[in-house]
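*Asks:* Sequence:
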Amino acid sequence: MSRYTRTNKSNQGLHTRKSILLTIIMGALVLYSLLPLFWLFVNSTKTQAELLNSFGLWFSGPNALWDNIVATVTYNDGVFVRWFGNTLMYVVVGAGGATFLAALGGYGLAKFNFPGKKAVFAVVLGAVAIPGTALAVPTFLMFSQMGLTNTPWAVILPSLISPFGLYLIWTYALDAVPTEVLEAARMDGAGEFRTFFTISLKLLAPGLVTVLLFTLVATWNNYFLPLIMLSEPTWYPLTVGLKQWSNQAQTVGGDVIYNLVITGSMLTIIPIVVAFLFLQRYWQSGLAAGSVKA
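For what it's worth, the UniProt record's numbering labels the leading residue of the sequence shown as 1, then goes sequentially.
Incorrect hints may have been included.
Derived Cβ-Cβ restraints for the label pairs, each shown as a range [said to hold, decoys possible]:
#	residue 1	residue 2	range
1	Y75	G132	27 to 35 Å
2	G96	G56	36 to 44 Å
3	Y32	D175	32 to 40 Å
4	L37	P62	16 to 24 Å
Rather than coming from a laboratory, the hints here were simulated on the basis of the structure.
Everything numeric in this text was worked out from a predicted model, so none of it was measured.
Beta carbons: idealized from backbone N, C-alpha and C, even for Gly.
All chains, please: the whole structure from these sequences, using the hints.
*Replies:* In structure tokens, the structure reads:
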């Protein structure tokens, strides 16, 4: 047996061992990620009594999933449905508006030169580094002076600003929208707005979907900002509303409805899962675009 053959077999054995180890690690990470979802589904099938007196990671008693769903959407005159509608409104207007504004700003910064562009770049990077919770209290004080607290605008307006989305579209548009295409459109007499809406938006589509997915998840899961901005339960999103249901067990005479809280949480994550599964192919292409040059 030659030295090359022995070396090749040794490398194949090492590669096989590494692959097995990597597979085990990835499998453990997948189980770790899916375990909370499995726990949520299993406990959504239990009654309040079974929920407190059974093992949390397996089924127990009769399947009460449908009964829990009906009780969740009808409890307290169907306020869960109202919270679901509020969340959809915040996501459609807030996340959709944030994506559109990020497209306008990122495209402009990528394809136009103007005085102070480097300063704008520094401001955007600084805004990306600031967590949203750090701005929640100053935003509340400003909106309180403007009379916007306890209104949907107190949640929608801050959601329209996405520094990370702006930065992502900026960097993506640099390569995704060729300058030659824009110059050809201008020579044909197309204005800047027509060029943007008929040409650039199509080329930016993968990046826009990526930003939309990030802003959608952030707006859907937003908790702290609505918590301090809203005092009227009719304007609550699902996150704040379900937390209110959970807190009822800690008040004197409050209803203990942990089964409805868990079922409501399961219903809450379904739209996010569906949106991710639908948009993931655009998300992957958006992240990969620009990494390979023709």
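*Asks:* Compare the structure with each hint and give your call.
*Replies:* So, going through the hints one by one against the coordinates:
{"no.": "1", "hint": "Y75 / G132: 27 to 35 Å", "result": "31 Å, holds"}
{"no.": "2", "hint": "G96 / G56: 36 to 44 Å", "result": "38 Å, holds"}
{"no.": "3", "hint": "Y32 / D175: 32 to 40 Å", "result": "36 Å, holds"}
{"no.": "4", "hint": "L37 / P62: 16 to 24 Å", "result": "22 Å, holds"}
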